[in-house]
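Engineer: Chains as they are written, first to last, in numbering that gives the first Met the number 0: chain A, 0 to 410; chain B, 0 to 245; chain C, 0 to 414.
These aren't lab readings, by the way, just hints derived from the structure by calculation.
Wrong hints could be hidden among the right ones.
A partial selection of chain A residues facing chain B, derived with a Cβ cut-off under 7 Å [what the hints assert, rightly or not]:
1) 83
2) 85
3) 86
4) 111
5) 115
6) 181
7) 182
8) 396
As a list, the in silico DMTMM-like pairs of lysine to aspartate or glutamate whose alpha-carbon atoms are at most 20 Å apart [to be verified]:
9) B:215 / C:104
10) B:215 / B:54
11) B:183 / C:214
If you want the ones that stay clear, here's a sample from chain A, every Cβ over 12 Å from chain C, calculated [unchecked claim]:
12) 88
13) 130
14) 139
15) 163
16) 165
17) 227
18) 230
19) 248
20) 288
21) 290
22) 324
Small disclaimer: the values here were computed from a predicted structure and weren't measured.
Just so it is clear, CB atoms sit at the ideal spot from N, CA and C, and this is done for glycine as well.
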Amino acid sequence: MTTKLAKTALRNISRNKRRSVLSGVAIGVAAMAIVMLFSLIAGMQVDMESNLKSYYTGGIRIRNENYEQYERFNPVHLTVDAESVQKVLDTIEEVDVYVPRTSFPANLYIEGTNFGAMGVGADFKKEADFIDLAGSLKMGHLPENGKNEMMMGAVLARDLKLEIGDKVTIMSTTAARGTNAITLEIVGLFTFPVAALNAKYFWAPIDRISYFLRMNGDTQEVILKVKEGVSELEAAEAIKEALKKETSINYDVQAFTEISGTYEMIEMANTVYTIMAFIFFLLGSTVIINTTMMVIFERMREIGTLGALGMHGKELVRLFFLEGMFISIIGTFIGVTLGIGFTLILGKTGIDFTESMQGIDFEISGMMYPKLSISKTIFVFFYSVIVASLATLIPSRKAAKIEPVEALRYV
Amino acid sequence: MKNKIITILILLSLLIPVTIFAITGEEIIRKADEIQVFETSEASGEFRIKDRFGEKVSTFNSWSRGTEESLIEFTSRAERGQKVLRTEDELYLFFPDAEELIRMQGSMLRQSMLGSDVSYEDMTGGKDRISQYDVVLEGEENVNGNECYVLIMTAKVRTVPYPKEKVWIDKETFLVWKAEYFTKSGRLLKEMETLEVEEIDGRMIAVETRISDKMKTDTETIMIISDLKINIAIDDEMFSLEELSW
Amino acid sequence: MKFLISLAFKNLTRYKRRTLITAGAIAFGLMMYIFIDSLLLGLEIESVRNLKWYETASARVLNEDYWENRFQRPLDINIPDPDSIISKLDKNGIKATKRIEFSGDLILNSFDFGEDGNMSVIVTAIDPKKDFDVFNFDSTIQQGRFPEEDEDAVVMGSWLAEDIGAELGYWITIVTRGNGGFYEAMDMEIVGIVNCPNPNVNRTLIMMPIAVADEYLAMEGASTEVNIKLPESADIDAEVIRIQNLLNEDNLTVMSWKSMAADYLAIAEAKRGGTSMILFLVFLIAAVGISNTMLMAIFERIRELGMMRSLGMSDKKIRIAFMFEAAGIGLIGSIMGVILGIVINFWIVNYGINYGDVYRDMDIGYRVQAIIRGAWNFKTMGIAFFAGIFISTLVAFFPTKRALKMDIPSCLRHQ
């Protein structure tokens, strides 16, 4: 019986191609839009997380045990022995890449006045595996390890009227809690995807910074990314243990999700995105429901005919359910495929998109790369099919109850 | 006649304390300032700086000429080669790795030197104190077995960092044994105390001084001067900007 | 023509269900569009408002040398007689208030805070009588009160208070340099904690009475700035010029909030690109929904169209009748949509979506004022209204045209 119904449903669909295509397209477009929006949101989330991991905390951050307690006092002398830490990290399987970093507040001495800025000491050779520094360069080249060079945020350089080739003397408090100054040449201007970084930061070779800040080759922190599929929380625990065993020093090892004030921001942003996604979802669903209901109401006369020919109410409902389901499967399939296609293209080229939460410093990029979530896409597919199929029930059940004669008169 | 004698005696008795205590607050300050000034001097010494993170020692060599010019060169490892040059109107810092001199001015002068309890401003201060402060001789006190005048100095202008100072100056040697620096409302900001003295060329010179910033917790800076030589020949070029960067 | 209109109207009322479903689709699409637009605009307006209400005011009078030295917060580059400026502005019906901003060190003692410490802070001295005329801090007080005019007391942003562990009744010391460079230390009691929706302010704010600051810092009546509130509708740039001419003083300058927040606005401008992207996606779905329903409605009636043609009605008239009908559906949908939009807008403008509830039981370190509010945008409503009618009519045009090209029998046979 069901096969017969299914055949009838298929025949009905192919007989009235235009109607089928129309409702299929509506469902498809809705599904496509939802897939794309989900990808966009996933892209934003991934982007925020990756910015956080790339420029701020890494996936896991290793610091001197007492650093956090005195963070307010800029304790440059509370360092980590980067070399021994890195040796230990090499032996830990979960670790993908690591870089030493030292960030410090500095005064830029320009024409007799001091300007506050933030410096980052980085190992430019190692950073190549960690973040795409070269890709963020707007002009010039990356500083070279061992040279008195720096690259500066493009916005900061603009504000201070500095250019490539200019030399800037920076002053800061050293690990010996004294003052020191060093002159660095600007060799590159960068635009990182995070606006705040471009307006306040300059980056210089970590060996020179370590020398300048009298850190004896130590660094303020070592940050690392873990291999795909590894939990940062667990890895952080393992690293802490290993470091204690190998170096007999207690380090402050934290996964980025534990570091206060950063991950919470992501969580909060996610809520906003979820609300947006939900509204979209609602809108998409209405389009699907509406189209499906419309189709059936328009076919009241047909229903009357079928009823007059002796088709039972239940069968009618089932027939329309199947029709709706088939159309939505085809429509959703095409829509989702298109959505995936567009997402993949946009994921490569990127869209110049900045999210619209203002007033809160989310670490979000100007360029957006949508990211496809397979599970969510599959969910959207089934959701759309189910919603469309269920949406047929409302009008068709009603139609099934009407007397055939009445239905025939129905226009 | 008798009346005359009485009158003279009365006058004399009135005059006696005047002549004995004739020295005014201003004069005491002037004398105290004078004994610290040499035509030229050369010394080496160290700063022992204690803060919440522990203690560290920085060593230096210094030269001076008159009241206005001085040069400090640090010799300890962490700041080797750094120099602080004070000329008549300016304060310059030289850092071996910096390609330009840093001229300290305005709010930059308020920074602490080497993370100590001494600000760059404290180093430039001291000149022309009499014209900037009202000095009142408040009395006498014994500080660590030394008879001292106690003076209260109240700023006449707003351009000095410390609106009120209380100083204890040795009655004989005019050495400053102790000084306290206050806000206008009398809140203690900084404290200076002489711990060790040495007689050089007939003058008492403080060679170990403790300074502590009362607005910070558990901090103090002890400055020790050794090998002080005075009135020696110093190259004129010593205090010029050109020489600073050799 | 009258006949055609009445025919369209009759059709609309006759097929009530179809009319309602189609119009419903249009209405829902428009409502969502209005809703999203309102939300996005609300966010933008809110952040600008937070800027003006708590940071920059509408405009500010400054010493002309102040702006380039603003990061040092110099006290000697000041406005010598702010009161005369304020009374001059007052006579011209402009609300203004003076403030002194200075930097200093905040000293925390272990007696109250458990541990000694110090940090650099920026202190704002306000005139408690007039400040609320210009800034909107009066409604932000979360605990305690604002200081009296001559009280040695401060209010603090709630995030700052949380960061340093401050509570009402604690004493803090602010060490700073007065006008001229002398040291000053002020012992202040925390009498109030404000929860300001502007996160930048909430993270840093320390406020004290200006009379007290004036005394301590030897300002002798001078202030570093005079802040001005202008009506929302005012042409800021023109007003700034007017005020500049009004004051007519050589060494003073008037800056609008726009020029003070230039960097911020540049970022906001970039973000607007993202907003339009979201709106476009919403519009796309709504438009597809509308066109689809409309197309369906026309196709389903080709037989009826054939009937009309066979009865001798001219193609032109049929087309006009169908278009009228579509426009009618569009009109009903648009009216419904805009009404629904207004209703939902009323809700999000006045109550907002409180997504902070999600975090109520979660300690996330920061207490964010997590209410997203919408804003009225009548332009969008107007656009949505006409777009609804226009899209419906436009979409009806093509299938009608096609149907009119078919011969009458195939029209009649059309399923």
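Engineer: Closer than 7 Å between Cβ atoms is the bar; does residue 85 of chain A clear it against chain B? Give me holds or violated.
Structural biologist: violated, 25 Å
Engineer: Hint check: residue 183 of chain B vs residue 214 of chain C, CA-CA at most 20 Å. Holds or violated?
Structural biologist: holds, 11 Å
Engineer: Just checking, residue 324 of chain A versus chain C, shortest CB gap more than 12 Å?
Structural biologist: holds, 18 Å
Engineer: According to the definition I'm using, a residue is off the interface if its beta carbon is farther than 12 Å from all beta carbons of the partner; does residue 227 of chain A meet that for chain C?
Structural biologist: holds, 28 Å
Engineer: Identify whether the interface hint at residue 182 of chain A stands, where standing means a beta carbon of chain B within less than 7 Å of its own.
Structural biologist: holds, 4 Å
Engineer: So is residue 139 of chain A really clear of chain C, every C-beta pair being over 12 Å apart?
Structural biologist: holds, 23 Å
Engineer: Take a quick look at residue 163 of chain A and tell me if its Cβ sits farther than 12 Å from every Cβ on chain C, holds or violated.
Structural biologist: Consistent with the label, residue 163 of chain A stays out of reach of chain C, its closest Cβ about 22 Å off (over 12 Å).
Engineer: Find the nearest Cβ of chain C to the Cβ of residue 248 of chain A and say whether that gap is larger than 12 Å.
Structural biologist: At about 25 Å from chain C, residue 248 of chain A clears the 12 Å cut-off, so the statement holds.
Engineer: Over 12 Å to the closest beta carbon of chain C is the bar; see if residue 290 of chain A clears it.
Structural biologist: The claim is violated: residue 290 of chain A sits with its nearest Cβ about 6 Å from chain C, within 12 Å.
Engineer: Given a cut of 7 Å on the nearest C-beta pair, is the interface hint for residue 111 of chain A held or broken against chain B?
Structural biologist: Where the cut-off is 7 Å and the nearest Cβ of chain B is about 6 Å from residue 111 of chain A, the hint holds.
Engineer: Given residue 115 of chain A as an interface hint, is its Cβ closer than 7 Å to any Cβ of chain B?
Structural biologist: violated, 12 Å
Engineer: Please check whether the beta-carbon of residue 288 of chain A is more than 12 Å away from every beta-carbon in chain C.
Structural biologist: Non-interface label on residue 288 of chain A violated, nearest chain C Cβ at 9 Å vs cutoff 12 Å.
Checked against the numbered hints above, the structure violates hints 1, 2, 3, 5, 8, 20, 21; every other hint is satisfied.
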